[in-house]
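Visitor: From just these sequences and the hints, can you work out the full model?
As a plain string of letters, each chain reads:
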Amino acid sequence: MSLGLIFMYSALALVVVVSGIGLITSRNAIYAALFLVLNFVTVALLYIALGAPFIALAQVTVYAGSIMVLFLFVIMLLGAEQLPIAEPLRGQRVLGILLAVAFLAEMVLFVLLRGAPTVAGQAVSPDFSTPTTIGMLLFERYLLPFEMTAGVLLAATVGAIFMTRQPRPDRKGALPAIPEESKE
Amino acid sequence: MITAAMVWEWVIKSVIICLAMTIGFAYVTLYERKVLARIQVRVGPNRAGPWGALQPLADAVKLIFKEELTPATADKKIFFIAPIITVLPMLVITAVIPWGESVTIGGKTFNLYLTDSNIATLYLMAVTSISVYGITLAGWSSNNKYALMGGLRSTAQMVSYELALGLSFVGPIMLASSMSILDIVHAQSKIWYIFFQPAGFLLFFVASLAEVNRAPFDMPEAEQELTAGYHAEYSGMKFALFFMAEYGKMIAVSMIGSSLFLGGFLSPVGFLSNIPVIGFLFGNGPHWLLLKVAAWLFVMIWIRATWPRIRYDRLMALGWKIMFPLGLLNVVITAIVIVLVGG
Chain G
1 MSLGLIFMYS ALALVVVVSG IGLITSRNAI YAALFLVLNF VTVALLYIAL GAPFIALAQV
61 TVYAGSIMVL FLFVIMLLGA EQLPIAEPLR GQRVLGILLA VAFLAEMVLF VLLRGAPTVA
121 GQAVSPDFST PTTIGMLLFE RYLLPFEMTA GVLLAATVGA IFMTRQPRPD RKGALPAIPE
181 ESKE
Chain Z
1 MITAAMVWEW VIKSVIICLA MTIGFAYVTL YERKVLARIQ VRVGPNRAGP WGALQPLADA
61 VKLIFKEELT PATADKKIFF IAPIITVLPM LVITAVIPWG ESVTIGGKTF NLYLTDSNIA
121 TLYLMAVTSI SVYGITLAGW SSNNKYALMG GLRSTAQMVS YELALGLSFV GPIMLASSMS
181 ILDIVHAQSK IWYIFFQPAG FLLFFVASLA EVNRAPFDMP EAEQELTAGY HAEYSGMKFA
241 LFFMAEYGKM IAVSMIGSSL FLGGFLSPVG FLSNIPVIGF LFGNGPHWLL LKVAAWLFVM
301 IWIRATWPRI RYDRLMALGW KIMFPLGLLN VVITAIVIVL VGG
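Chains G and Z, in that order, give the protein sequences.
Per the working numbering, residue 1 is the first one in the first sequence, and the count goes up by one each step.
Per the working numbering, residue 1 is the first one in the second sequence, and the count goes up by one each step.
Incorrect hints may have been included.
Here are some, though not all, of the chain G residues that point toward chain Z, as calculated from beta-carbon distances under 8 Å [stated by the list, open to error]:
| id | residue |
| --- | --- |
| 1 | Leu12 |
| 2 | Leu57 |
| 3 | Leu72 |
| 4 | Phe73 |
| 5 | Pro131 |
Hint data in this document are derived by calculation from the structure and do not stem from the laboratory.
Each residue gets a CB set at the ideal place from its N, CA and C atoms; glycine is no exception.
Guide: Encoded structure:
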């Protein structure tokens, strides 16, 4: 790897890690959400550097552009910017540190104990990330998982609409009692 | 292989695009004021320079020398960064729009576009979806009820209309069977997609008005109810950046719409291009894109001068209950017709 590439990947990796740390340490929910957005966008840049612009832009559109916008919307609407100092789940900090240590130990052990160096991945064809290739794969080889995902999302949408549905007033203009509504 | 000459070409093209958007913004403000004035039987700005042509410069000088205020209870960091986040997407979004084919200067051929990517339309979607952050954060960081309301409204509005906007892209993509804007423009050399995709065009037009917060969807900055909405607390150059983003986005959506539905830089009277001397005026080229953008902007300004703002719940109902299903229906019908005709 050339020095320029190493420099670029380390700069991107540094931003990813720092924004991740910022996400879990900031006590303001808005800042935490913004750190997560920065994280998503930087990971998208990594995808572009790896030659997969389609997944990069899909990541920006879906995660940074839609999901995080809704997160921000809810945080602002509820006025829940300030996170509580006391943690609702006791002991999660200790557990988190333990798991992080275990993960680091696994990584170190993997590097130390692996026998031969891992085989370099097969060279992929240059058009592996074109929209045509991805579309063909999604609609031919992975059609069933694709349709099942769509079904799950549709069920979630229907559920959300049902839960926010307001009881319709009857002809006299009075709201029906809730138990009657649920019997129907 | 990437050579230094290619990098310089990219840098120069990027600078040209950013400058064109900035100058375009300055003159679209003048264009809007002039057109609004004419529609309301006024004269409009006519003091600075001939026909008021230096008015944008005068405005810029005024805004630079205005005092900038930061509210005492504002979140200083985000308050400072929000205008910048708002302007950046508008400067980069037109990177994938071709201005023309290519020109030959001094024996070297230059393409008249920064990049022709096979994911160009996805890039447009990604940048549009990011562009809501600046407005939302500006509203929140001002620590002002009205500004927060404006920010929240714009978030809800842009998330809702992004769906219809994305679905309106699908028609041209399917017809051209490519996501590259250059391919989509070339596929329209016989007939513009506005004739194949009238519903898609309408969806795009309405959704783009909502996406750039223009009348009749300018709820986030409704003066009567929210003072000035998300930028109520901003002054001086920071306010100018919001202004710039709004007008720059108008230019951007006009360019995107012209390229997707109106043939982009293609000339509608290309058969006249064999006339000597003035023939190039009738050939394909950036001047046709400019003309289409000017016409598109005129319609946007015309709508602002004519229509009242629609109510907020109506806006949401329109987005979710009419435009979104219509977009889905348009995609399905287009797909069926393409399969039947064998396009």
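Visitor: All hints are to be evaluated individually against the structure, with a verdict given for each.
Guide: Consistency of the hints with the structure:
1. Against a cut-off of 8 Å between C-beta atoms, the interface hint on Leu12 of chain G is violated, since the closest Cβ of chain Z lies about 18 Å away.
2. A cut of 8 Å between beta carbons decides the hint on Leu57 of chain G: the least distance to chain Z is about 4 Å, and the hint holds.
3. Taking 8 Å as the C-beta contact cut-off toward chain Z, the hint placing Leu72 of chain G at the interface holds, the least distance being around 6 Å.
4. A cut of 8 Å between beta carbons decides the hint on Phe73 of chain G: the least distance to chain Z is about 5 Å, and the hint holds.
5. Because the smallest distance between the Cβ of Pro131 of chain G and any Cβ of chain Z comes to about 5 Å, under 8 Å, the interface hint for this residue holds.
In summary, the structure is inconsistent with hint 1 from the numbered list given earlier, while agreeing with all the others.
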